[in-house]
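Chemist: Model the full structure from these sequences, guided by the hints.
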Amino acid sequence: MAEIKIKQVAKQYGSTHALHSIDLTIADQEFLVLLGASGCGKTTLLRIVAGLETATSGEVWIGDRRVDQLPPRDRGIAMVFQNYAVFPHLTVYENIAFGLRMAKLPQPEVDKRVNRTAELMHIEALLQRYSGQLSGGQRQRVAVARALATEPEVLLMDEPLSNLDALLRMEMRAELKTVLAESKTTTIYVTHDQVEAMSMADRIAIMNKGEIVQAASAVEVYRNPAAHFVGSFIGNPPMNFLDATPAGDGFWNVGGVRVSGPAGGQAKLRFGIRPEDIRVHPTGSVNASTEQQPVFSATVRILEPLGSHLLASCKIDDQMLRVVLDSDDPIKSGDELQWSPVSDRVRWFDPGSELAIASV
Amino acid sequence: MAEIKIKQVAKQYGSTHALHSIDLTIADQEFLVLLGASGCGKTTLLRIVAGLETATSGEVWIGDRRVDQLPPRDRGIAMVFQNYAVFPHLTVYENIAFGLRMAKLPQPEVDKRVNRTAELMHIEALLQRYSGQLSGGQRQRVAVARALATEPEVLLMDEPLSNLDALLRMEMRAELKTVLAESKTTTIYVTHDQVEAMSMADRIAIMNKGEIVQAASAVEVYRNPAAHFVGSFIGNPPMNFLDATPAGDGFWNVGGVRVSGPAGGQAKLRFGIRPEDIRVHPTGSVNASTEQQPVFSATVRILEPLGSHLLASCKIDDQMLRVVLDSDDPIKSGDELQWSPVSDRVRWFDPGSELAIASV
Amino acid sequence: MSQQIQPAKVMFDGPVHGRSPLHKYIFTGVVVLLCLWVLVPIYLLAVNTLSSPEDVNAFPKSLFPDLNTDSVSFFLNFAGVGQALWSSVKVATVTMVLSILAGAPAGYALSRFDFTGKSTFRVLVLMTRAFPLPLLALPLAVMYIRIGLDDSILGLALVHTTLALPFAVLITYSLFSGIPIELEEAAWTLGCSRLQAFQKVIFPLVLPGIAASAIFAFVISWNEVFAAAVLTIENRTLPAFLLQSLSFAPLHLKFAGGAVLVLPALIFIFLVRKYLFSMWGIANR
Amino acid sequence: EVLFWSTQANPPEEQQIMREKVLADFEGGADFAPSEGGPWLTRIQAELQAGEGKIGVLGSLHGDLIELSDGLVDLSELDTSSMNKTFLELGKLGTDEQKYIPWMQATYIMAANKKALEFLPEGADINALSYDQLIAWSKTMAEETGSPKFGFPAGPKGLKHRFFQGYMYPSYTNSMVTKFRSAEAELAWNKFKELWSYTNRSSTNFSFMQEQLLTDEVWVVFDHTARLADAFNQRPDDFIAFPAPAGPTGRGFMPVVVGMAVPNSAPDMEAAKNLISYMSQPEVQIETLRATNFFPVVDVELPDDMPASVKAAGAAVAAMSGSADANPGLLPVGLGDLGGKFNAVYVDAFERIVLAGQDVREVLDDQADSLRKIMEEAGAPCWAPDAPSEGACPVD
Amino acid sequence: MYSKSLPYMLLLPATLFLCIFFIYPFTLVAWQAFTTDTGEFTSSFFQEMASHWKFNTALINTLLLALAVVPFQMALAIYMATLVNGMKRGRDAVLYIWTIPLGISDLAAGLIWLAIFEQSGFLNSFLHTLGVVEQPVGFLGYENKGIIFLAIVLAEIWRATSIVLVILVAGMGLIPKEYAEAAEVFGASRWQRFTRVTLPMLKPSLQTAMILRVILAFEVFAVVVALGGTNLPVLMSEVFTWQYELRDAHVAAAYALVILAISIAFTLLIMWALRVPKGARV
Ligand SMILES: Nc1ncnc2c1ncn2[C@@H]1O[C@H](COP(=O)(O)OP(=O)(O)OP(=O)(O)O)[C@@H](O)[C@H]1O
Ligand SMILES: Nc1ncnc2c1ncn2[C@@H]1O[C@H](COP(=O)(O)OP(=O)(O)OP(=O)(O)O)[C@@H](O)[C@H]1O
Ligand SMILES: [Mg+2]
Ligand SMILES: [Mg+2]
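Protein chains in written order, with my numbering: chain A, -19 to 340; chain B, -19 to 340; chain C, 973 to 1257; chain D, 21 to 416; chain E, 335 to 616.
The hints are simulated quantities; they were obtained by calculation from the structure and are not laboratory data.
Don't be surprised by glycine CBs; every beta carbon is placed ideally from N, CA and C.
One thing to keep in mind: the hints can contain errors.
Here are the simulated DSS-like cross-link-like pairs (lysine-lysine), alpha carbons at most 25 Å apart as the crow flies [what the hints assert, rightly or not]:
id: 1; chain 1: A; residue 1: Lys(-13); chain 2: E; residue 2: Lys338
id: 2; chain 1: E; residue 1: Lys338; chain 2: C; residue 2: Lys1090
id: 3; chain 1: A; residue 1: Lys312; chain 2: B; residue 2: Lys157
id: 4; chain 1: A; residue 1: Lys84; chain 2: C; residue 2: Lys1172
id: 5; chain 1: D; residue 1: Lys213; chain 2: E; residue 2: Lys388
id: 6; chain 1: D; residue 1: Lys177; chain 2: E; residue 2: Lys338
id: 7; chain 1: B; residue 1: Lys92; chain 2: B; residue 2: Lys157
id: 8; chain 1: C; residue 1: Lys1062; chain 2: D; residue 2: Lys74
Derived, one-sided and incomplete: chain C residues facing chain A with beta-carbon distance under 10 Å [as the list claims (entries may be wrong)]:
id: 9; residue: Ser992
id: 10; residue: Ala1018
id: 11; residue: Glu1154
id: 12; residue: Glu1156
id: 13; residue: Ala1159
id: 14; residue: Trp1160
id: 15; residue: Thr1161
id: 16; residue: Ala1169
id: 17; residue: Lys1172
id: 18; residue: Val1173
Modeler: Below is the structure:
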């Protein structure tokens, strides 16, 4: 049983508040991904759970034990460091075996596990090298292998795949997921890669400036961002936001178009729609005034080819709107675009609290 | 004028061949992205261009000068190191100013440039910190700022944004691109992020095991991979490959379906199609035997939600096929899928040489 | 991949650009010159040691005298030299071990923690070196006689340890400061206690520093005369036995005695040199 | 085993003979442990303070033993009949008890390389030299050979103070203390300055003149008999020994006495006293002479097979004490632990007058104050050649 | 993450050592500097010391020697350390040779250099053989205080540079090469790399080496006596003189305290000058 409970944990470095009161529970065997902007406190949180940093206040529980005062080695954890921390004086083999030797496993077992994890990480050919003789990505894989080999109850990974190429990363992702599910490990996984987050996470926790803004399943986080920040942070390209002013009767004026929205007394709202939830009408195929659905128009400014797609950045009333188009769409910069939102995908936010308004 | 010419450069570490004979010319002011698997020699190549490593053989030219024997500081370059190498004994300000002080710029100029690049990298609030007081991503941005501040003729960047969140990375990408275009810098940019590569590169060079496999524009690399490796490496998910056996008359048998292909005497070919170039037919809407186009069927095995899409991994005759579906497709694991390739998107490869066969 | 893999001694094969042949000659020249600067006086000591008494007193002196080992063999046959040599080795070894055992933890604490009294401790450690030992010998001897430590290997080693401690503490402190704490943290998360992390990670990385401290400790003990002369009687160390009578000895014996003393220390340094200079390319990633 | 803690017989060769020859026959065995003055003193002080220890017998100079006076046992019971009475009296250290038993004696003489003899001033007798002749001789050598050939042990371990106390002052003032700042003393210092101008400049590094004799750095020297021995033993034919020079008030000279004492803290009193008795036997004294070049303090017939150094020094000492103008002085008595400072008065005068070139008169006046203070603090009465005094020896 | 007491536990063995084998005897000795034999408190010993005609000379000589030796030695050691780091072949052999003087006691070193400088020594023999001088020159004569001083400086540099060297070499080995590389890429010349990267990152080792060296320099003794006799009194030789020749333990203790005070003052100065800002540690 390795449920992790983080209770009101805060951390200050001098006058810098790295973490404001964090509350988060990671269920036993759960795979939690921590997402957040650079410098928002992810590493700090991981280090506090690992016992490498003392929280300024708050409690950390692993299983039934309060671990705040326990040294790292008594917490049943392993960690992949953001900057690897591969031991320079040991070969790759001995690096991976390090935790096993500490646990006094017999040599055949050590050998077995080292070879297994090395194979998993595709570094079996490098076992006799020293870290100075490895490439960045290879070193990172050694760090992951070292943590995996110990088969900990709790695994903390700080951007463990950031230096790997897409292909390898995809493979690693799948293997990691399988291995960790098999070994019933509770995992906190920090990443910047949203695809990674989406595809691996049982649950995603979104951090912003030292606070957890939302912790929910991938789909939930994506579909129903709890706050403006989540919407703007998740999704590539992120959610589009347009200002909305009241137009009476639960209708709102968004970019010159009347849209039905929440019935509330707010003086202002924000209309949110994901780029891929935008349906573009072929030129001339709709008549905005006669359509049932709201039809917006936007001017295309920049076009970016992304291989499988085409990303169009458009303007509506000086506001930015990004639309994902099929890569062979014959659109040009300067074109006028007519579009409608997929109706149940529109989200509304309060610009004051920045929080989402419960769907209507 | 800072064209970079790399001529037959090879590098061996002891008996490890990190680079086989590399030939590559980067035009003046070009933005070249280097893509390749972990450990394929990207960093090594950058370091040789920078002068931090001596090539075992070959020549490096920058502009009109052969620079092999020149020390790094005489090469007019700046570099962002994969592991940052931010000076721990200097504040962020002094780190960024380092190159400027070496160039003996007057203090007001130093001040101006440091502040400008720091702002660009969103680290203006951290100028008085030491690197030990920064998060991983912040440190990385310092490394980038330090290199940008010197406004070099040639800029070498080794995964400069790998530790940044998607949002910031997108922003940085755009700003980097603008700044570098303005300053007419010739750039070699190593990344693992294909979106980054696609959106930034004037040209992408794909490396594999110490060799350059293809160097071409983003679209070209994506659409017309020069080799099996490129197809399988680029694209997320990558290109699907299916074995093809001759069926006579320029037709080939692929997964039990007759497909028109190159007319050649090969005993075997490989049929390549990108996941997003697969058109799925709604259940029951086509009859494979009456259709003009080839219709394949595949069994869905795994479904992965990726936020905006749904990735379905299917099987055809024990071969793996990945298909990208709309995220609200009601498909289930075990379903039978009927699909056709978008016709001019099919690519053929020779399984022996692994090279693409010129389109028919 | 069956290559012979060396540890990455990366520090040294840095960029080699910009060195013209002239630079290389100058470089080599300077190195040779500095080697001579060290070796020539040693050679002269050897010359005087291996000369006959007449040659030692002759003028002008020859740089290549006839070999004469009388003076050296006088010392080697000197009654009690073997015993004294052995005592010296024992004392120096105990000193070495003790000073590292007591010094390294202190150096570690200084490098890793911020605590009240840190600077005070550093100054206190240094005071030991900054105060003339001979003055301390009297109270120490009285104490030793009273508590029965007098004339023992251990007793003398304890005093020598006190002398060597500042070296051990400060050197290990400065080197520990150079080791990224993350390596240690990684070890902790992999199941190491602080002590184990120290043994398995920090220790190998600072081996040069430890070796340096060990050499200092050994040499300090080896060459220490005063305390040795006061605190030991039957277990006299070699310097106590020889060195202090050297100033009364005739010239040729002075040199031979000096050489007899120097030689073991040189052998010791030779033996540990590879630890002294073993380096790991520590990168912080 | 009795531990014989000595400041003498320190050189390795002497140590070895002491152990292997001199002490070999002592029943019960003795461990001869020589050491330098610092450790020697520190160790015995520690044992005395602790009230227990390992040292059985102390062997050292009169001056060293004075300081330990309170910690030494009375040795009156030992048979001292054949010993030099003057020395025995010194051994009481101004008390009623026999604090130490004389062990051996020595004195300071001159030695010269035979090459120097050709420069000897006209009509000078090497065995009855005067200070003026010594100066003239040194001058001739310096001028003829191009470099000063007179050497003087003014180094850190050199025994220069003995020269001033026991040789120069008695020869010029017939006093050691009382006439410290007299006009005669002024003359003496000026003479010495003159001599110094023909003295080897490196003398301030010289401590054992045998070394400089052997290297030919200097040809004529003044030093302790034991510190000249090597020269005679190594090259007996090249050197001669002769008496110290004479001044207006005679040929001043001073003996050195080394004593043996037993500290209160000695582990085995009986054995310690036995060792002292053993050491006082004539045969042992002769063996000691062979080992150390210090002469016996009991009446003995010296055999013929003595080392060259003993023969040469013995003859010179005999000539010196037997000369018509002999003016022997005594070691300071009753100074207690001020002996060092007493010596420093003379050494400082030397350094200031000769080395620093300060005004003789002023320095003497100044140092006389220090001397007076020391004498008063110690309350020591005068000793030869000064006339006996009531109370502290006065400094005029 | 550690308990507050851990650092103190780690310091405990060293502290115990120091208390028993240093602080205790030290207190007894230091006490003597302030009290008479009968136990009265007095400053007369310090007055006696300060008014002694050799005190100023000894103090100045000591400081001058340290000033002449230590900075040069630091520079030389740093230079040697960088030379060694730039070497590929023969590195171990050269380092070994350069560390040889480490094993040589100051007594032996004094002996060796005396053999060179004395009148019938090697230097004179050499000059004589070359025909530069006819008569051997008395380099160490009391009138040549300058030469004596120079000889002592040479001998001290020869003897004790290796102490600094070893500490610095070990320290340099821990500086990751990536920083030098980064500096090089950003246009730093060899010298700039050295001053802007190597030296600052070497600060802890520099500090240690310098403090130890300075303290040892204030205690120079054996070499000075060997080469200079009594011509160049230094504080440490005065301690010996007062303790064992003048037999005045009080004044000797006062001298010792002076050495201690200077040493501590310089230590604090060096610690301050070479401090590493808190955040700048690795
Ligand atoms: N000092 C060395 N000794 C032996 N092999 C080395 C050494 N340095 C690098 N290599 C090998 O050379 C190859 C290329 O390394 P390089 O660092 O260039 O890879 P890379 O493309 O940058 O990889 P990554 O994306 O993982 O950073 C790797 O397989 C690596 O193991
Ligand atoms: N020692 C320190 N002193 C002061 N501030 C610090 C210190 N360590 C971290 N910080 C600050 O605390 C904040 C959180 O840092 P943390 O390393 O947890 O960020 P992160 O979320 O891991 O970021 P990244 O994704 O860039 O690695 C950052 O703003 C950082 O600047
Ligand atoms: Mg982080
Ligand atoms: Mg790399």
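Chemist: The structure should be examined with respect to each hint, and the outcome stated for every one.
Modeler: The hints, checked one at a time:
At roughly 24 Å between alpha-carbon atoms, Lys(-13)/A and Lys338/E fall within 25 Å of each other, so this suggested pair holds. At most 25 Å may separate the alpha-carbon atoms for a hinted pair to count; Lys338/E and Lys1090/C meet this at roughly 13 Å. Distance check on the hinted pair: Lys312/A and Lys157/B sit about 21 Å apart at the alpha-carbon level, within 25 Å; holds. Distance check on the hinted pair: Lys84/A and Lys1172/C sit about 14 Å apart at the alpha-carbon level, within 25 Å; holds.
For the given pair, Lys213/D sits about 21 Å from Lys388/E by alpha-carbon distance, which is consistent with the 25 Å threshold. Only pairs whose Cα atoms come within 25 Å are accepted, and Lys177/D paired with Lys338/E is rejected, the gap being roughly 55 Å. Annotation: proposed proximity of Lys92/B to Lys157/B holds, straight-line Cα distance about 20 Å (limit 25 Å). Proximity of Lys1062/C to Lys74/D is assessed by CA-CA distance (about 22 Å); at most 25 Å being required, the pair is judged to hold.
For Ser992/C, the shortest C-beta to C-beta distance to chain A is roughly 29 Å, which exceeds 10 Å, and the interface hint is violated. A least Cβ separation of about 39 Å between Ala1018/C and chain A goes past the 10 Å threshold, and the interface hint is therefore violated. With a cut of 10 Å, the hint placing Glu1154/C at the interface with chain A holds, because the nearest CB-to-CB distance is about 4 Å. Given the 10 Å rule on beta carbons, the hint for Glu1156/C holds: about 9 Å separates it from the nearest Cβ of chain A.
For Ala1159/C, the interface hint holds, since its Cβ comes within 10 Å of a Cβ in chain A; the closest pair sits about 7 Å apart. Hint status for Trp1160/C relative to chain A: holds, with the closest Cβ pair at about 4 Å, below 10 Å. The interface hint given for Thr1161/C holds, since its Cβ lies 4 Å from the closest Cβ of chain A, which is under the 10 Å cut-off. Restraint check, Ala1169/C versus chain A: the minimum CB separation of about 9 Å is within 10 Å; hint holds.
For Lys1172/C, the interface hint holds, the least distance from its beta-carbon to any beta-carbon of chain A being 7 Å, beneath 10 Å. Among the interface hints, the one on Val1173/C holds; its C-beta lies about 6 Å from the nearest C-beta in chain A, closer than the 10 Å criterion.
Of the numbered hints listed earlier, those contradicted by the structure are 6, 9 and 10.
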